[in-house]
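Got chain A; can you put chain B on it based on the hints?
Number of protein chains: 2
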Amino acid sequence: MANINPQYETIAKQFVDFYYQTFDADRAKLIDLYRPESMLTFESSSVQGAQAIVEKLSSLPFQKVAHKVGTLDSQPNPTGGAIILVTGQLLVDEEQNPMNYTQTFQLFPDDKGSFFIYNDVFKLVYG
Amino acid sequence: MANINPQYETIAKQFVDFYYQTFDADRAKLIDLYRPESMLTFESSSVQGAQAIVEKLSSLPFQKVAHKVGTLDSQPNPTGGAIILVTGQLLVDEEQNPMNYTQTFQLFPDDKGSFFIYNDVFKLVYG
Numbered sequence: 001m002a003n004i005n006p007q008y009e010t011i012a013k014q015f016v017d018f019y020y021q022t023f024d025a026d027r028a029k030l031i032d033l034y035r036p037e038s039m040l041t042f043e044s045s046s047v048q049g050a051q052a053i054v055e056k057l058s059s060l061p062f063q064k065v066a067h068k069v070g071t072l073d074s075q076p077n078p079t080g081g082a083i084i085l086v087t088g089q090l091l092v093d094e095e096q097n098p099m100n101y102t103q104t105f106q107l108f109p110d111d112k113g114s115f116f117i118y119n120d121v122f123k124l125v126y127g
Numbered sequence: 001m002a003n004i005n006p007q008y009e010t011i012a013k014q015f016v017d018f019y020y021q022t023f024d025a026d027r028a029k030l031i032d033l034y035r036p037e038s039m040l041t042f043e044s045s046s047v048q049g050a051q052a053i054v055e056k057l058s059s060l061p062f063q064k065v066a067h068k069v070g071t072l073d074s075q076p077n078p079t080g081g082a083i084i085l086v087t088g089q090l091l092v093d094e095e096q097n098p099m100n101y102t103q104t105f106q107l108f109p110d111d112k113g114s115f116f117i118y119n120d121v122f123k124l125v126y127g
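Just so you know, the protein sequences line up as chains A and B, in that order. The first sequence runs contiguously to residue 127 in the UniProt record's numbering. The second sequence runs contiguously to residue 127 in the UniProt record's numbering.
Watch out, some of these pointers could steer you wrong.
Because identical chains share one entry, a pair is satisfied inside a single copy or across any pair of copies.
Claimed, not checked - Under the rule of at most 20 Å between Cα atoms (straight-line distance), these lysine to any residue pairs were calculated in the SDA-like manner:
#1 Lys13 - Phe122
#2 Lys13 - Ser46
#3 Lys68 - Asn5
#4 Lys13 - Glu43
#5 Lys13 - Ser44
#6 Lys68 - Leu124
It is worth saying that the hints were derived from the structure and are not from the lab.
One chain only, chain A, in its complex shape (with noise of 0.2 Å):
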């Protein structure tokens, strides 16, 4: 039985804020947005599990990151959740060419009545 969220797109729009705040201002941060369960997918190279996914994130090679979101669209999905895509670009410590890219989550509700990333793709857009 499907269980679609009437809020998904504050849900969505609310989630992303949060996350590229928290990705720029301290990416261990991150972690609280995971679970056991959860997967990332960064530039094609793939792990499970919060712990595993923050130490992916904190080891990348840069100092400083800024994302600017473009663009970003959801839909829910049948567990209460949603389901986002995103597209913008990031500049990385002195790096005066931001990079295009693209990112899809899938959110789904906790059992406290918030919400973790179940699925997380990244990838860089080169045009």
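Frame of chain A, contents of chain B only:
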């Protein structure tokens, strides 16, 4: 209880090949890949249901289209299906300059041992 399909990568690749071959040959035939609950968000415009989705795709203002998949990443979802992130390029009609796009699909199994598209989000990427 999660149902992870160990064949998710093969399913994702076969699906993506079939989807764009069908889209580029006769996009009205994509109707078999959608169900009444399926959602399409195409350039931030959303429709629901196989019939409405195919009408939307068929109404796009080009006669010829060729998709070229650049990257395909997939992860399993807990229903036995998969989530897919594609980046690629497309050429329409006599246009010589390809457009970059990104598209995410969520596939769910049907009761016949096949898969249908539950979520479909398409977005052009401007660099």
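Which numbered conditions among the earlier hints are violated in the structure presented, ordered from lowest to highest?
Hint 3 is the one this structure does not satisfy, whereas the remaining hints hold.
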